[in-house]
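Undergrad: For the record, the sequence lines run as chains A and X.
Mapping of the first sequence onto the working numbering: position 62 corresponds to residue 62, and the numbering continues sequentially without gaps.
Mapping of the second sequence onto the working numbering: position 240 corresponds to residue 240, and the numbering continues sequentially without gaps.
Read the hints as simulated data drawn from the structure, not as lab findings.
Given the structure is predicted, the values throughout are model-derived calculations rather than measurements.
Treat each hint with caution, since some may be false.
List of simulated lysine to aspartate or glutamate pairs, EDC-like, C-alpha gap at most 16 angstroms [stated by the list, open to error]: (1) X:120 - A:73; (2) X:120 - A:63; (3) X:122 - X:156; (4) X:39 - X:88; (5) X:122 - A:73; (6) X:122 - A:63; (7) X:13 - X:52; (8) X:39 - X:26; (9) X:177 - X:199.
Footprint (simulated), chain A over chain X, 3 or more residues, beta carbon under 8 angstroms [unchecked claim]: (10) 97-105; (11) 117-130.
Ideal placement from N, C-alpha and C gives every residue a C-beta, glycine not left out.
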Amino acid sequence: MMTNHGNRVTQGQFSYLPDLTDMQITKQIEYALKNNWAVGIEYTDDPHPRNTYWEMFGNPMFDIRDATAIMLEVNSCRKTFPDHYVRITAFDSTHGTESVVMSFIVNRPKDEPGFRLVRSEEPGRTIRYSIESYAVQSKPEGARY
Amino acid sequence: MDASSLIIPTTPKALCEASGVSSVLDQLDAELIGLAPVKGRIRDIAALLLIDKLRQGEGLQSQPPSLHMSFTGNPGTGKTTVAMRMAEVLKQLGYVRRGHLVAVTRDDLVGQFIGHTAPKTKEVLKKAMGGVLFIDEAYYLYRPENERDYGAEAIEILLQVMENQRDDLVVILAGYKNRMDTFFNSNPGMASRIAHHIDFPDYSEAELMQIAQLMLGKLNYSFDDSAASAFTDYVSLRKQQPHFANARSIRNALDRIRLRHATRLFATNSALTREQLCTLQAEDILASRVFTTAASTAGK
Numbered sequence: 001m002m003t004n005h006g007n008r009v010t011q012g013q014f015s016y017l018p019d020l021t022d023m024q025i026t027k028q029i030e031y032a033l034k035n036n037w038a039v040g041i042e043y044t045d046d047p048h049p050r051n052t053y054w055e056m057f058g059n060p061m062f063d064i065r066d067a068t069a070i071m072l073e074v075n076s077c078r079k080t081f082p083d084h085y086v087r088i089t090a091f092d093s094t095h096g097t098e099s100v101v102m103s104f105i106v107n108r109p110k111d112e113p114g115f116r117l118v119r120s121e122e123p124g125r126t127i128r129y130s131i132e133s134y135a136v137q138s139k140p141e142g143a144r145y
Numbered sequence: 001m002d003a004s005s006l007i008i009p010t011t012p013k014a015l016c017e018a019s020g021v022s023s024v025l026d027q028l029d030a031e032l033i034g035l036a037p038v039k040g041r042i043r044d045i046a047a048l049l050l051i052d053k054l055r056q057g058e059g060l061q062s063q064p065p066s067l068h069m070s071f072t073g074n075p076g077t078g079k080t081t082v083a084m085r086m087a088e089v090l091k092q093l094g095y096v097r098r099g100h101l102v103a104v105t106r107d108d109l110v111g112q113f114i115g116h117t118a119p120k121t122k123e124v125l126k127k128a129m130g131g132v133l134f135i136d137e138a139y140y141l142y143r144p145e146n147e148r149d150y151g152a153e154a155i156e157i158l159l160q161v162m163e164n165q166r167d168d169l170v171v172i173l174a175g176y177k178n179r180m181d182t183f184f185n186s187n188p189g190m191a192s193r194i195a196h197h198i199d200f201p202d203y204s205e206a207e208l209m210q211i212a213q214l215m216l217g218k219l220n221y222s223f224d225d226s227a228a229s230a231f232t233d234y235v236s237l238r239k240q241q242p243h244f245a246n247a248r249s250i251r252n253a254l255d256r257i258r259l260r261h262a263t264r265l266f267a268t269n270s271a272l273t274r275e276q277l278c279t280l281q282a283e284d285i286l287a288s289r290v291f292t293t294a295a296s297t298a299g300k
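Chain A extracted, bound-state conformation (with noise of 0.2 angstroms):
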């Protein structure tokens, strides 16, 4: 598909990335936590790009200040759900930008099979597209990938 090349979703940070490794993920939490923002840890099976609200896994880890421990949650996401997306967020709670800050994968399942162009007919010769993902077609949430 040439919208997502070797059909890898590209979402968040570093997506375009070879995957990063544990020691580069460390580091990158332990810039969120310098700059005191909360990580949390997200998950899903929908990875569509309009699927904004993933599942969170746990709470988000507010008095948290080691990566360590945030490395742990995320290795017993990593095992709960290992053909899911999962990604990492950081909230940045200062008055004024109160969203999320930072966000990239952490977790992919195996085999990703991409999405699809999606063609409906409306009146009057219309087109309308939509992408519709390969692997959440027709499945239950739970059995996707």
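The hints should help you fit chain X onto chain A, whose structure is shown.
TA: Below, chain X alone, put in the same frame as chain A:
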């Protein structure tokens, strides 16, 4: 950065100066009165960590030592204070990454129903990572009289983390001597995983006096001559009475003395000088209940 700062110091002494460790140790000496065994142990640990750095430079095997500690001693001997300082010292020595202290008691670790303990304990451990976990009155974790108590579960998780993630956090257990001994006897696994058992001795009267001076100095108060000797009497009398809690009793006594000082000044009609506001007099101390009880027991 100039060239001289790039030279790696090779003598232990120079390394000690350069790493800022010596200033931390000096500060410890200045601010903590007495506690010779404690300071000795901190010095030993600092030395080992520095020598390890030198060994690393030579390509020799250097394994970070296990630094889990147990502080035992009577009430008010400075266990919590030292634990706080320990976090800073270890940070300065580069042993822990962040150097924050998470102080917990049984309530924070042990859950109320089955399955509640493990997540709760893990939550606390995660919070403490990169720093020091201080478990005050650790003997409450183990309640032998109730075999269904969840404390044992918390101990199990603690042991696991203390063993496997030695680099990530330092656990300090604290409590009164005899009860901690029972605790360790019934949890041999815990005793063997703690390398440093440090006993905090009771303070001598002279040391208590120094502590009082230090506390007053911090609050911008001072004793006049008669007050100093009255306070020495107070300390020796108070030591013989029940529920004496070393430095904590001293702090409480000073708080009450300040109250009496304030009341005395409140009664005066003239304007107060800075001198008067700072100086505690003998009468503020001699009004204490300690002197009257001592007199009545002596009279009996």
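Undergrad: Determine for every hint whether it applies to the structure shown.
TA: Results for each hint:
1. This hinted pair checks out: residue 120 (chain X) and residue 73 (chain A) have alpha carbons roughly 14 angstroms apart, not beyond 16 angstroms.
2. For the proposed pair residue 120 (chain X) and residue 63 (chain A), the alpha carbon gap of about 14 angstroms is at most 16 angstroms, so the pair holds.
3. The suggested pairing of residue 122 (chain X) with residue 156 (chain X) holds, with an alpha-carbon distance near 11 angstroms, which does not exceed 16 angstroms.
4. For the suggested pair residue 39 (chain X) and residue 88 (chain X), the alpha carbons sit about 14 angstroms apart, so the restraint of at most 16 angstroms is met.
5. Under the criterion of a C-alpha separation no larger than 16 angstroms, the hint pairing residue 122 (chain X) with residue 73 (chain A) is consistent with the structure, at around 10 angstroms.
6. Note on residue 122 (chain X) and residue 63 (chain A): the hinted pairing holds, with a Cα-Cα distance of about 13 angstroms set against a maximum of 16 angstroms.
7. A distance of roughly 14 angstroms separates the Cα atoms of residue 13 (chain X) and residue 52 (chain X); the hinted pair therefore holds under the 16 angstroms criterion.
8. The hinted pair formed by residue 39 (chain X) and residue 26 (chain X) meets the criterion: a straight-line CA distance of about 10 angstroms does not exceed 16 angstroms.
9. Between residue 177 (chain X) and residue 199 (chain X) the CA atoms are separated by roughly 8 angstroms; this keeps the pair inside 16 angstroms, and the hint holds.
10. As drawn, the segment 97-105 of chain X meets chain A at 3 residues by the rule of a beta-carbon pair under 8 angstroms; at three or more, the given contact holds.
11. For the segment 117-130 of chain X, the stated coverage by chain A is satisfied: 5 residues place a CB nearer than 8 angstroms to a CB of that chain, which reaches the threshold of 3.
In summary, this structure violates none of the numbered hints.
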